[in-house]
Amino acid sequence: MKRLLTVIATFALLAAACTSNGSSEPSGGPSGGKVTIEMWHGQIDIAAAAIKDLVDEFNASHPDIEVVASSGGTDTNDMLPKVTTAIAAGTYPDIAYMYGSWGGNLITSPAIADITDAVADPSVNWDDFWPAGRETATVNGQVIGFPAIIDNLSVIYNKDLFDAAGVDYPSADWTWDDFRATAKALTDPSKGIFGVNYPVSGSEDTTWRFWPFLWQAGGEVLSDDDSQATFNTQAGINALTLWQQMATVDKSVYLDPNDNKSEPVFLAGHLAMFVSGPWEVPVIQEANINWGDQVMPSFDGTTHETISGPDLWAVFNQSPERVQAAVTFLSWFSQPENQLVWMEAAGSLPIRESITQSPDYQKYLDAYPGIGAMVDNLGNALHVRPAVTQYPRISKAMGDAIASVLLGEAQPADALNAAAEQTNALLAVPG
Amino acid sequence: MAQAALSADNRAVERRRRLGDNLAGWGFAGPAILLILGLSFIPIGWSFLLSLTNSNLVSSGRFIGFDNYKALVHDPLLAKAFKNTVIFTALYLPAGLVGGLAVAMMLSRRIKMIGFYRTCFLVPFIAASAAEGLLMGFIFDPDFGIVNSVFQRVGIPRQGFIQSPGQALVVLAVVYFWTQFGFNVVIYMAALQEVPPDVIEAAEIDGASKWNVFRHVTLPTIRPVTYFLMVWGVIETFQFFDLVYTTTKGGPLNSTITLVLYIWELAFTFFTAGYGAAVAYVLFFASLFVIVVGLLYGRRRGLAV
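Going down the list, the protein sequences come from chains A and B. Using this note's numbering, you'd call the opening residue of the first sequence number 542 and step up by one each time. Using this note's numbering, you'd call the opening residue of the second sequence number 16 and step up by one each time.
A couple of the hints might just be wrong.
[Claimed, not checked] Some chain B residues judged to face chain A by a derived CB distance under 8 Å, without partners named:
| hint | residue |
| --- | --- |
| 1 | Ser-74 |
| 2 | Gly-152 |
| 3 | Gly-266 |
| 4 | Pro-267 |
Honestly, the hints are just simulated from the structure, not real lab data. For every residue, glycine included, the Cβ atom is placed at its ideal position computed from N, Cα and C.
Just need the whole structure built from these sequences, with the hints factored in.
This is the structure we're talking about:
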């Protein structure tokens, strides 16, 4: 506890100290001078270098705006605690990299900007962003930032393991039954090879990858007015039973205890199918794995729905001029020619449809062979997670339910009903 | 009369001297006190105010009195975190004391390469426990870990370890023992040097066996140190966090969730910082209770320093 408090206090002091040393003091006012805005991107290595180059280019071509970009002294995982302490100290940045699932809580802060009207400007071309990105940036009807990265889940597979087991590569029209049979055929306990992975830490990583299966089977997470859990319907039971059978009967699932071991297990050739996203592509390429990827399997052949977890460039409100400057910068940053520089460095997918028609787009596809299928898969991201403030706690209840079933400690219907009961109790308390 | 004037004069001088001493004293202690106030006491006060709100840290929230504390009673996850923390302390503490003393006695002997052995036992304590957690995550991995492959070779069935709700906490206690008991070893080694050799010699001349020397001379002499290590161990294990964060994150099925991990989740994952602060206060008072009871018990038996 003492250590935790010390850490928080140190963060607050550091944040105060960092932003109060005059040299980079962001400024700007109605006097009409140069507007300086601050950006915390949380990136490292190549991605950070790409942002720096882009920011320099922007500053050179926009004499009235100066963007000061830094990592913010943290990575993207810990950006939220960093920004919250900065908000408490009144020294928050104008733009920060934020996970989409934080939106429901960010909206409660008076420091978050409302850029709904600003992005309606035709020069921003807002509708060019994919729907999942736009929906994540819009909380309770208010636009709070720009989509930063867009991804989705697909099935990445190790071709060598398929060949060794004499199993056909998954086809684009595969079903849950095909998925289960494929995973079972690839599993070889004597060699320590698993068909597919599932994280069972009970965190959001356990929960979010379950939603596409629920949606495919015709279920919804919450009722339309966000007042009741609806994931414990027959659709939810069907989806969870599939994974239960695979994990406890076929034993074809690698149950990852803490979310970050599936990757090394896949890279070491012990996992045949890896349900994951484009962020793995640079790592897999570097490890020289002979890989392919396929869309998620389908419940009844109608949809191969996946889930997308877009991240945001959240905009914070220092003054109307600075908010406008942030919008101008982010709009420029998301233009295809600039975005491609960032995408190639970060291994992310195009956030705007027009990027896929850009002349340089082919170069990006050549740099990451196989990523094209993940781009096409964006069309399969039809739902987003509910943007309610209780979502992180609902996710925990659901994650525990899924983990208990996969570990053979509970039955699907019972576990889902228990999670639904907790969810309803959480939703009954406002905000 | 003259004497009275003199003593008044003396008193003035004395006062001025004291003032000078005081100023110098405060000058030395001031910066440290400011640091402690700024980094400990102000946050402690601030987090108490936080615990009276429904803040999510992003916004200040509204004042809700003691509702967070009332909700604590009905929180099954808090009960689980509390239980796990107590079990963890009960697993580690006796093993840490007995193991620490045993190894300290072995390392107090004059044998070849003693420096090397001493280093071996101290390295795990010095290394970052987050890194050790990652390492242990691989060693105790049920499917690919080295422990299970050794078990299989010698005919013991494969174990679930950090994936099994029944075993995960015990595995963590074992790993924690490995990383932390080096501290006990160092403290005990220092204490053993303080045991007067002439008393031991006298006991030996009187015909006491090795066990009796240990039981009736060594053990009573180092009792204040044992007592200190107990209190210290309770404080440390109540704050157990980094290992569990890097290995199981509280899973599987919350079987390794500890109080500090739960507080961290409440504040930074669930956006319920106000409630998290209330849980932090429960931890604070639980630790305080153990320390005060320990101190009183120690005083009564003349062990406290």
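Checked hints:
Residue-level restraint check for B:Ser-74 holds (minimum Cβ-Cβ distance to chain A is 4 Å; threshold 8 Å). For B:Gly-152, the interface hint holds, since its Cβ comes within 8 Å of a Cβ in chain A; the closest pair sits about 7 Å apart. Satisfaction of the interface hint for B:Gly-266 is found here, the shortest Cβ-Cβ separation to chain A being roughly 4 Å, below the 8 Å cut-off. Proximity of B:Pro-267 to chain A holds as hinted, the smallest CB-CB distance being about 6 Å (cut-off 8 Å).
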